[in-house]
Amino acid sequence: MNVYPFISEILQIAIVLGIAPAFIGWVRMLKCWSQGRTSAGLLQPYRDISKLFAKDVVLAENASWIFRFTPYLVFGTTVLAGGIIPMLSIDLPLSATADVIVLVALFAIARFFTALAGMDIGTAFGGMGSSREMTIASLAEPAMLMAIFTISLAARSTSLSQIVQVIYSGQSVLRPSLAFAFLAFVLISLAETGRIPVDNPATHLELTMIHEAMILEYSGRHLALIEWAGMMKLFLFMSLGAVLFFPWGIDATGSAVGVVLAFVFLLLKLAVSGVILVLIETGLAKMRLFRLTEFLGSAFLMATLGMLAYYILD
Amino acid sequence: MLKEAIIAAFGGHVRFDGSQRPASVSACVVPRDRFGEAAKVMKKAYALLAAEWASDETSLGRGYGVFACYRWGSEYLIVKTEVPSGDPWFPSLCRSFVPAFRFERQIMSLMGIAAAGNPDVRPWIKFEDWPAEAWPLRKSFDAAQRMPRVTGEYIWTRAEGEGVYEIPVGPVHAGIIEPGHFRFQAVGEDVINLEERLGYVHKGIEKKFESLVWQDGAKLAGRVSGDTTVAHSLAYCMAMESMTGCQVPERAHWLRALFLERERIANHLGDIGAICNDAAFAFMLYQLSRLKEMLLRTNLRLFGHRFMMDRVVPGGVTVDIEPAGKREILAEMDMLAADFEKLVTIYDENPSLEDRVRDTGILKPARARELCAVGIVARASGLNLDCRIFNPFPPYDRHEWMELDVPVLISGDVHARAWVRIQEVRESIRIVRKMIEEMPDTGTHVPAGQPAPDSSGFSAVEGWRGEIIYWLQSGPAGEINRCMVRDPSSINWLGLELAVLGNIVPDFPLCNKSFNQSYSGHDL
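Those protein sequences? They're chains A and B, same order as listed.
Under our numbering, read the first sequence as residues 1 to 314, first letter to last.
Under our numbering, read the second sequence as residues 1 to 524, first letter to last.
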């Protein structure tokens with residue numbers, strides 16, 4: 001039995017935990033530059049997280065166990081999700097135990113509990129955020145599954161390792177079905193990770209918030225965990241997109257050199273995806289809340305078209 | 001027009017008061033029971049209610065005076081009624097003019113004169129934890145005393161039914177803004193009612209004026225609303241100068257106009273950016289903030305203060321401009337105009353931004369008229385009001401030379417309010433250049449003099465938010481007996497309540513930012 005897979009598994013989780021804040025830092029840095037501002041640097045998110053960990057937790061009197069439990073659950077499920085996406089090596093042990101549907105479900109659990117926690121305290125903003133988040137979820141999750149099914153059709157498997165293997169070894173040319181699935185995936189990622197034009201992660205306006213409204217009452221280490229999980233979620237969606245649609249450079253052999261090379265490629269791909277994300281975010285205003293149905297509806301449509309294209313064209 | 005209308009309707013029952021200055025503003029006294037009738041006459045004459053207030057005239061040997069100021073075009077008419085101090089009530093005007101209802105709540109709360117017929121008797125500005133019998137604006141009230149706290153309740157408008165829920169927002173907000181409470185009744189995301197509760201920054205400014213000497217009043221006026229410091233101190237000075245008959249030198253007038261326009265440009269730049277930022281289009285905010293900062297720094301260099309606070313004083317201004325300063329302003333305006341146009345193109349051509357600002361927060365022209373809205377809010381809703389045109393001081397009175405173009409839009413949405421600002425920035429840049437180039441060479445300051453006892457002065461100045469009205473009254477020894485401040489916010493806050501109806505909750509910040517009314521100027 002090869003030991004490399006386990007090392008790369010551990011390595012990968014460490015990367016997700018360790019580099020996600022830097023990725024957010026990179027995105028914020030680019031954003032500052034695009035607006036003509038000086039940035040706080042790549043390391044600011046680490047400072048933010050460590051600051052939050054050092055602070056006390058302020059808990060509402062009527063907070064139940066759900067409110068206290070949610071940060072740990074959200075953090076845990078996100079780390080677990082980080083363990084099943086093959087980023088560096090196709091041969092990822094955890095990937096065999098959980099397929100892409102589980103991945104969607106992991107994010108759904110985290111979201112479900114965040115929404116419950118939002119309502120738990122009983123403030124108007126928490127409930128408002130939860131209701132908006134669930135509206136988005138009900139539209140984004142089917143679209144996400146549809147996009148994923150399109151890809152799994154091409155790979156004839158729902159296992160992420162399998163999918164990446166097939167796409168990596170098979171065609172370097174994009175198939176039409178994958179192109180549609182990719183477009184759908186981009187739209188869904190923006191919605192799932194709460195970026196402009198769906199949600200504005202930088203706003204202070206309570207009434208416009210979606211994700212932030214749910215976690216408005218969190219403080220201290222709870223907030224640190226949720227923020228960190230949020231950073232990881234963005235990181236994971238970006239790497240998932242990179243690995244599913246552009247798997248070049250991923251390690252298929254299980255060698256140490258391959259893993260290191262894969263890491264370098266991953267960083268490059270993430271750097272580029274950060275640039276694209278910032279271009280989208282700088283060029284667009286946040287859309288009116290009820291436009292979201294059209295936005296996510298078109299994501300679903302893209303994914304469905306991808307599936308049709310698979311049967312017709314591929 | 002208004003004067004003729006009231007003479008025609010009241011004949012011998014109306015008495016004109018010659019002590020009101022400036023002479024272009026008429027003031028008359030009508031019997032108390034016919035105060036409401038006068039409002040109806042004014043309404044028929046197409047007048048808008050500009051302000052309503054009360055004054056304690058017991059030190060002048062009378063009771064209380066209740067005043068209503070009407071405006072039609074460039075004519076102002078102040079209608080007063082005398083209220084004996086033993087029987088303090090007056091007929092409410094809110095059946096004729098909607099904004100009267102808040103003015104009257106304010107009069108009831110602070111002066112203790114009841115408005116008979118006003119359906120809303122809840123306190124306004126004064127909070128319910130003050131004793132109901134404390135009337136801070138009365139002369140008998142000692143401003144230095146500590147008030148005992150009492151328990152009181154404020155009864156909110158409530159909506160009931162399935163799926164209706166209430167969202168209380170504020171008074172402390174997440175951004176660095178002033179405090180104010182907003183209570184939404186919403187079904188799903190649709191707002192079915194918004195109720196404002198203001199007064200959290202009530203500082204007793206009107207009462208404070210009464211303990212100051214005339215010269216210091218200008219300083220206090222400059223602090224009524226920090227972002228409008230020039231326009232407020234200017235309005236105070238003009239009202240006072242009208243009472244003393246002080247002839248301000250021509251150059252001082254021009255410098256005041258220059259300050260006023262620079263204040264307008266700076267605030268509009270900030271507002272346009274903030275509107276875009278509330279639609280998560282932060283690029284505009286940072287770029288426009290940069291331009292605003294450039295202006296403020298030039299102010300500091302040339303005039304010694306970023307906001308030009310205390311630069312306008314009774315009798316003129318305290319700073320002059322040198323030829324080098326003129327060149328600097330001209331160069332700055334060139335740079336500003338070029339950068340601003342680029343940003344306007346971005347604003348105008350971004351479809352995602354356009355989708356947010358168009359058809360959001362509509363204040364229909366008919367509603368704006370009903371509310372007697374002023375300033376940018378009025379001009380975005382089809383009302384052509386601008387004191388720089390209708391009630392000008394030099395150099396604005398040289399219409400043919402200045403050719404000031406006042407933008408008036410009729411759509412009344414967020415975009416209209418943003419676009420009025422954009423057009424005004426363009427116009428202000430143009431007239432700043434014009435004024436700099438042809439500024440007359442005279443002195444900048446003359447002694448202002450002292451107002452005569454028992455007289456009153458009035459002024460209306462177009463600040464960047466809109467028309468600011470000051471009404472000053474001197475007491476028996478020629479001291480300040482009453483200083484009434486009417487910031488545009490006192491009226492326009494009502495417009496926000498109406499503009500939000502039918503919109504969705506997450507669009508409220510955008511609507512609010514497009515109004516951007518002052519809490520401090522309203523709460524006083």
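Treat the hints with caution; some may be incorrect.
Derived list of chain B stretches under chain A, where covered just means 3 residues or more per stretch with a C-beta under 8 Å from a C-beta of chain A [said to hold, decoys possible]:
1) 86-97
2) 245-254
3) 392-405
Distance ranges between label pairs, derived from CB positions [stated by the list, open to error]:
4) B:D129 - A:L43: 45 to 53 Å
5) A:I10 - B:E160: 40 to 48 Å
6) B:G325 - A:L268: 47 to 55 Å
7) A:K55 - B:M294: 36 to 44 Å
8) B:V187 - A:I109: 29 to 37 Å
9) A:F69 - B:I155: 36 to 44 Å
10) B:V406 - A:T282: 48 to 56 Å
For the record, the hints were derived by calculation from the structure and aren't laboratory data.
Just so you know, even glycine gets a beta-carbon here, dropped at the ideal spot from N, CA and C.
Hints, one by one, checked against the model:
{"no.": "1", "hint": "86-97", "result": "violated (count 0)"}
{"no.": "2", "hint": "245-254", "result": "violated (count 0)"}
{"no.": "3", "hint": "392-405", "result": "violated (count 0)"}
{"no.": "4", "hint": "B:D129 - A:L43: 45 to 53 Å", "result": "48 Å, holds"}
{"no.": "5", "hint": "A:I10 - B:E160: 40 to 48 Å", "result": "58 Å, violated"}
{"no.": "6", "hint": "B:G325 - A:L268: 47 to 55 Å", "result": "53 Å, holds"}
{"no.": "7", "hint": "A:K55 - B:M294: 36 to 44 Å", "result": "38 Å, holds"}
{"no.": "8", "hint": "B:V187 - A:I109: 29 to 37 Å", "result": "30 Å, holds"}
{"no.": "9", "hint": "A:F69 - B:I155: 36 to 44 Å", "result": "40 Å, holds"}
{"no.": "10", "hint": "B:V406 - A:T282: 48 to 56 Å", "result": "34 Å, violated"}
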